[in-house]
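K.L.:
Listed below, chain by chain, are the residues.
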Amino acid sequence: MLGTTIVLAIREIRRHLLRSFLTILGIVIGVSAVVTMVTLGNGATKAVQESIASLGSNILQIRPGQGFGRGGGGPRPPAFKAADVEAIRSQIAGVKAVAPQAQSSGVAIANAANWSTTINGTTSDFFEAQQWQLSAGRLFTPAEEQAGKAVCVIGSTVQTNLFRGEDPIGQRFRIRDLSCTVIGTLVTRGQSGFGSDQDDVVIMPIKTVQRRFTGNRDINFIMVAVDAAYDTSAVQGEIEKLLRERRKITGGKQDDFNVFDTKQISDTLSGTTQILTGLLGSVAAVSLLVGGIGIMNIMLVSVTERTREIGIRLAIGAVAREVLLQFLVEAVALACLGGLIGLLLALIATFFLAPVLAVPFLFDPQINLLAFVFSAVIGVVFGYFPARRAASLNPIDALRHE
Amino acid sequence: MAADPLISLRGVTKTFGEGPTAFQALKGVDIDIMAGDFVAVMGPSGSGKSTTMNILGCLDVPTDGEYLFRGHHVERLTRDQRALLRRRYLGFVFQGFNLLARTTALENVELPLLYRGESKKTRHDMGMAALDKVGLAEWWDHTPAELSGGQQQRVAIARAIVTHPDVLLADEPTGNLDSERSIEIMELLTDLNRQSGITVLMVTHEAEMAGFAHTIIHFKDGLVESVGAGNQSRAGVPA
Chain A
1 MLGTTIVLAI REIRRHLLRS FLTILGIVIG VSAVVTMVTL GNGATKAVQE
51 SIASLGSNIL QIRPGQGFGR GGGGPRPPAF KAADVEAIRS QIAGVKAVAP
101 QAQSSGVAIA NAANWSTTIN GTTSDFFEAQ QWQLSAGRLF TPAEEQAGKA
151 VCVIGSTVQT NLFRGEDPIG QRFRIRDLSC TVIGTLVTRG QSGFGSDQDD
201 VVIMPIKTVQ RRFTGNRDIN FIMVAVDAAY DTSAVQGEIE KLLRERRKIT
251 GGKQDDFNVF DTKQISDTLS GTTQILTGLL GSVAAVSLLV GGIGIMNIML
301 VSVTERTREI GIRLAIGAVA REVLLQFLVE AVALACLGGL IGLLLALIAT
351 FFLAPVLAVP FLFDPQINLL AFVFSAVIGV VFGYFPARRA ASLNPIDALR
401 HE
Chain B
1001 MAADPLISLR GVTKTFGEGP TAFQALKGVD IDIMAGDFVA VMGPSGSGKS
1051 TTMNILGCLD VPTDGEYLFR GHHVERLTRD QRALLRRRYL GFVFQGFNLL
1101 ARTTALENVE LPLLYRGESK KTRHDMGMAA LDKVGLAEWW DHTPAELSGG
1151 QQQRVAIARA IVTHPDVLLA DEPTGNLDSE RSIEIMELLT DLNRQSGITV
1201 LMVTHEAEMA GFAHTIIHFK DGLVESVGAG NQSRAGVPA
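Chains as they are written, first to last, in my numbering: chain A, 1 to 402; chain B, 1001 to 1239.
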């Protein structure tokens, strides 16, 4: 019965080609708008992700403890040691640079100025991993790193506040108890993804910081740059495995360290574009709803216009359910047809719009399927009321209808 | 013949509306119709003949009284049960032909078979057989707009008989036709009645057409005024 009903519905749609087309126009526009918006939005998200990745991509940050900050109670998880850094460097494939970091802070004093800042002890790998260029001077030599010399590279904020336009290279300043020589200055980086000033920093060889400030050999942060040819998450897994071994975490015990992919920052940002995509998509979905109302309108007109036909069908022996099904199937067939045409239009639109908007063209079968199913559902929802009206007609009155 | 009547109305009344505006269209109608009969229902407009036909056609139910069709109480059936009864036993022919526009003669005739769930092949074969019976097999792919009034009514008759119904209900089948076409249609109905044994119930206000029937029932003011024999009445057919 359903098969013949579908055949009948298609026959009826073909019989009124122009009207059928106008009826489904709303759905066509709605579906194509939704799919175009979402497809282009997804492309934009991908573009954002790619642009972030091209900046400081493939960076893994390793910290002791779970999550951000220290958090929670309990014993503080042990910091990393130089041997951990060496192990990562020598045992993990695809590692481009490993930069251990030991951090402290203090007030730097030069001439008449003083400035409270962060002290970051690391190696020259840090600059490579961060892809951070010098604006003047030089980096640490291996000998300086090895010996823990009192030399430093300073960020632009420190430079501005401490030296006020003077050339800082070769100058000395005091920070806590240490008298330190500036050997290099860094280009301005601006705020980090979390809003802190990345340029407000004094960078020294890690041994210097450990000996003069922290007073231990702890490394509380390791930055790893992964070779682009390697899968960052695979490397992440490898590092996690290695550190579990080294820190003797067995079985189901929770890690007391955390390997964090900077990709997650890009995920946060792309989340924003995804929300925008969602908003645009829902605005477009409203037009889909309007399309549904258009279908209901025409179906109601159609029921009135075909009252006599309904009367004939009822007299011949159609039960109410069959008449209902006929009109419902017709509405759904119309809606589905509109959905299909809409998808086709969206495909063409995105194909030509994507290069214009400089976003990659991404065909997403999921949103296409969803939009199609949604249009069918709209057919059911908005076709039901007219269909019920048709089914509840009195055959005698319907036959008499002019 | 001591057979039970195919159709039997007992004390049937029909009231439209309620309260002071209520109108009693039927005031207690008793009719018996035997299988194989050819009945013409006559009477002035407002006499209750159309209401009676609607009830006989299971399109409407009596306000009061009994309607027995093949021994079943139609007045107790639900709307859908009556639809199934129409589908199985009844065929309708209307004054205005009531064919589906922009639909070929064959598709029109196949329509009742669609609701019976017949296969495409069966529909086609039975539809063509019915069209052949009314002499329009060659016109199967013509739409109503391409057919004359008489031809359209033949298609309508083919649609009514395609399911081999027990009863053919015809509401002024010749009302929209000239007398020559009318006679042709009446001859067709007579043939169907004689050869296929279909019981024919026909409303008409033309005495000439009623003359083709065996039995003529006259209505007046919501009551059966008289039951008489038509020109073609045969001995042994009870009124």
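Simulated from the structure, these hints should not be mistaken for lab results.
Ideal Cβ placement from N, Cα and C applies to all residues, glycine included.
Heads up, some of the hints might be wrong.
If you want the footprint, here are the derived chain B segments under chain A, 3+ residues with CB under 8 Å [stated by the list, open to error]:
(1) 1032 to 1039
(2) 1054 to 1064
(3) 1075 to 1087
K.L.:
All the hints need checking, so say for each whether the structure fits it.
P.N.:
Hints, one by one, checked against the model:
1. 1032 to 1039: violated (count 0)
2. 1054 to 1064: Holds: 4 residues of the stretch 1054 to 1064 of chain B have a Cβ under 8 Å from chain A.
3. 1075 to 1087: holds (count 7)
The structure fails hint 1 only (numbered hints given earlier).
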